[in-house]
Amino acid sequence: MNLDSRLFKLIKDLKGTFFLTIFFALLTAIAIIFQAHYLSRIIDLSFLKKQSLESLLPAVFVFVLLVLGRFLSQWISNHFAIQLSSRIRFDLRNRLVNQLHKTSPVYLSLEKRGELTNTLQQGIEALDAYFRSYLPQLFNAAAIPLLILIFVFPIDLLSGTVFLFTAPIIPIFMILIGGLAKRATQRQWKTLSFLSAYLLDMIEGLTTLKILNRSHSQLTRIKTLSEQFRQTTISVLRIAFLSALVLEMAATISTAVIAVEIGLRLLYAKLPFSQALFILILAPEFYQPMRQLGASFHAGMEGFEAAQRIFEIFNFPFRTTAVDQIKETPNSFSSITFNQVSFTYPGSQNTALKNINFSIQYGKKYVIIGTSGSGKSTLFNLILRFITPTEGKILIDGRNLQCWPEESWFQMISWVPQKAYLFHDTIEANLRLVKPYATQKEIERACQKARLHTFIEQLPEGYQTIVGERGIRLSGGQAQRLALARAFLKNAPIILLDEPTANLDPQLDREIIEIINQLPKETTQIIIAHRLSTLKSADTILALQNGRLIDSGSYEELLQPGRYLHRMLNNLGRGTR
Amino acid sequence: MSTIIRLLKLTLPYRKWIALSVVLGVLTIGTGIGLMMASAFIISMAALHPSIAELQVAIVGVRFFGISRGVFRYLERLVSHDTTFRLLNHFRVRFYQAMEPLVPARLGRLKSADLLQRIVADIQNLENFFVRVMAPPAMAFLSGLLMFALLWSFGLEFALIFLVFYLLAGTIIPYLSIQLSQGLGKKITLLKSELNVVLLDQLNGLSELVINRQTVAQQQKIRDLNQQLTTLQKRMLSIEALHQGFVTLLLFGAVTITLILGIQKIEAGSFNGIYLAVLVLGIMAAFEGVLPLPPMAQYLEENKAAGQRLFEIIDQPPVLADPSVPQTFPTDSQIKIDIKDLSFYYAPTEQAVLQNLAMEIKPGAKVAIVGPSGSGKSTLARLLIRLYDYQQGHIRLNDIELRSFKQNDVRENIAYAAQAFHLFTGSVAENLRLIKPDGTEDQFLEILKIVKLDELSSTPAEILSYQIGEHGQRLSGGQAQRLALAQVLLKNSSILIMDEVTANLDVETENEILINIYAHFANRTVINITHRLSNMEFYDNIFVLKDGLLIGAATHQELLESNPFYKHMFSVYQESLLLG
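These protein sequences, in sequence, are chains A and B. Using my numbering, read the first sequence as starting at 1324 and increasing by one per residue. Using my numbering, read the second sequence as starting at 5 and increasing by one per residue.
If you are wondering where the hints come from, they were derived from the structure by calculation, not from laboratory data. Quick reminder that beta carbons are idealized off the backbone N, C-alpha and C, glycines included. There may be inaccurate statements among the hints.
According to the in silico footprint, chain A covers these stretches of chain B (three or more CB under 8 Å from chain A) [said to hold, decoys possible]: (1) 200–212; (2) 276–284; (3) 394–402; (4) 565–579.
No farther apart than 20 Å at their CA atoms in a straight line, the calculated lysine-lysine pairs in the PhoX-like style are these [stated by the list, open to error]: (5) K1425/A - K225/B; (6) K550/B - K495/B; (7) K191/B - K238/B; (8) K456/B - K410/B; (9) K1758/A - K225/B; (10) K344/B - K308/B; (11) K440/B - K1546/A.
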């Protein structure tokens, strides 16, 4: 039946709207019943009682009023259904967005972002059919036939009985054949969507096919495959559509049965004409809500399935669980200490970091080295509080990092990733991100330091140029400079820098190094290094291997025989020779 | 509107199926009308208490209509689905065919994944063209005509009354709702894509937002867009609901006027009262024809936009043409490549990617082309396999200009392992069979061994049947790259160009695979494009490219001594081995 208590909870605050939707739908049904009553009476009076148009005009007038009333109440019911569905989708989307903002970027990076945005867009839109038509339809399908029965039974017991016994046929068959057919259809739609996926695959891979010189031969294959799929699909649909046949037949045949049955009794004067006609007019209306339910079933199902994914997002873990938060908002520190820190990513067998112990002193320069997978970025994520140590503690001046207010901690950090994310906004907005109330002067000065100012100035729109998909694309080097400009602008006491990998062009390479060297000396710099020259300028080098801190010291110290750099350089020498 | 006409023309080969499906739809509506009219006739007639014999025909009619309507509905659904599949297949093949010569030169650079995805979505969108856009108005028109004729037999006035209201419901009202929703639809699409951008910003830039405490501002931004979108969507839905309401209103308008006219005529004795109920119930059933029209407006708009974009693309003339009298491609594997004064730009407005390039690659040579990204290495490869045509200078194979060969011959004989590749959903074997449909399992396994993909599983059968997932997702980056390489190697061409094919591999695997390949291609020419300067001592010649210019061509040792740019590149490579 596609019901889920979590979906009902969404209606909780909108009970009034939902009630009004149903109420006006029922009012519509009552208008339909009275309309049928007046219509049959008017025809009766004209046809059998031979009354004049003039004497019938009041009845016609009431009939017209009922038509208008039906139109109005139907419209109001729709209006509330639209309100309900729109409100739920609006709130749900906002809540999801807020939820995602509270999750850790590290966990989020494990999810497929395209799929997530899809859920936030189409997934939520799919709920429209569920709340606007499926759910009210469910009530209507139960209530409206009942309402019609209440009117029919007192008039004609036999017709009422026919209605009563044919009514369940539709839901029963919908469940019996429907369930069977639905599975068959779903399976077939799956193969069908496989086919379209196959063709999409071919079109997406067209360039590759062309490079491989196979783009022509694929065309024949596409043709034959498509034809095969069409044939098998149709042979399955032949059975699947039987449910449509039964649904339609249940409604039409019972209308036919009723017509004959009341016709025959009319013939023997056991039933007045106006009542017989009344029942006949109502016959299609009786089955209509159930058929509509059948029609909206699929759309409702889609919404229901989308909802499952949406509720999963609500279970994403939050970023931090600050236990006893400290009250004051410190804006400086003298040391960061890693005390037996270990970290394992959820669902992973391997510990990403194991028993890390070291201390960072204010104003010093630390360089982290190690091959990929050694735990360098995990270390950064811990300092950024995107993740919490599974074991051990990170202490800031003796106090647990997790107890610091997130706000004041982030205020102290400039983060320069290798690839800064550029928002689809102006260059200025992308810089202002780190300091919303920065003056134009400050922004320009930061860009000058990052040697980006001249480039921005020569763009037609200058700092107002939109970057990203619909704007200009910045080259890799320019994006790196923008990330550095952000750091200059924020001017925070701690800089976490994932150094850009060396550029193959010596000139560009030198420039980036010069920019990095301009970062204020009084800051605490923690750098993931990709260049030997960076190592030389470090106060302390931390060497990571397989999640363990295996060596630390100055550049000269690590070059001593037996120490990390000495070993690595030796290996390198052997490898290339 | 011409887009719709062109789409309609595309459906012409299937006109018989379309006609059948529409006729079945009309019969479904027609039997509905018949059922209600015959039923009303039975009741009206019975009210006059005739002998049962006089009802016999109508009773048979009711039975017939009652049963056949279900059957017609069933057949209609079956045929319309069948037609939809046929059309969709046809559309796909046609657009694939039309796009093939345009890729990639006309459709942008090789990395135009966004564009291709949009094309694919647009073709998918046309799925609704028949069922939702073409069929409803055709059925509405024909069933309306049927009812008009039926009513005429009772009196022209009745037929005309019906016609007026039916036409209003079938033309003016849909027209108005299309007009009203048109602008809205465009705005909604725009807002949706704007929302999409902001949502992607939120997900991809979450770290930046969190660290700089901008999450609340971003939330507000999304909330505002969401608000605007919700408002517009509400309006759109209201229009749709109103449309349906007005159709009902018009239906009862027709009923009321028919009633008044009927009553008047009965009074005047010019119309038999038995038929009053028959007409009224018939009209009520006939309006079924215009009910599927409201959603049509939206689909029409979507299909039109999709069609427009597709035609825009396929209407472009191909950039490359085959020569009218092509030269035969040299069959012996000994091919000398001679490049002189070669210049190329992707667009006249852009900077030249290659400038006055001159290179000579001897038959069977093993050479490397190195340089930073953007130096023109991959572009040169694309020119060599004629994905693009060069504007200036010469590329000669055994002294014959590359342009005078057929494109297919060039691509069959020069194999190019591109940096950006596409793997196809399916098994490893299926991806290889794509290249060599008659290839044996042993041949496949041999190639997989060269690229060391036999690591996928311990048994040959499992390696070949290994499902690689959509876009090769079930493979690691390095494995995917190697399977793409295996595809290229399978072609057994006389020249092999490799473009950063070892980018995702560790040094050890890289070395082993390169050794295998050079053994396999011992007598043939191999060009390796790379920025990882490993095993450079091996190459006969190394070309150094920078900003589209050739700044060096010599062996590794010579370059280290004489070329500071190359020297820097080499030391950067060594640092990267040390520091990752």
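How the hints compare with the structure:
1. 200–212: holds (count 13)
2. 276–284: Three-residue rule met by the segment 276–284 of chain B, so holds; n is 5.
3. 394–402: With 0 residues closer than 8 Å to chain A, the segment 394–402 of chain B misses the three-residue bar; violated.
4. 565–579: holds (count 7)
5. K1425/A - K225/B: It holds: about 16 Å lies between the C-alpha atoms, which stays within 20 Å.
6. K550/B - K495/B: Violated: K550/B and K495/B sit about 31 Å apart, past 20 Å.
7. K191/B - K238/B: Holds, because 13 Å separates the two Cα atoms, which is no more than 20 Å.
8. K456/B - K410/B: With Cα atoms ~34 Å apart, K456/B and K410/B exceed 20 Å; violated.
9. K1758/A - K225/B: Given pair K1758/A, K225/B holds - Cα atoms ~18 Å apart, limit 20 Å.
10. K344/B - K308/B: Violated. K344/B to K308/B sits at ~48 Å, over the 20 Å cutoff.
11. K440/B - K1546/A: holds (19 Å)
The earlier numbered hints that this structure contradicts are 3, 6, 8, 10.
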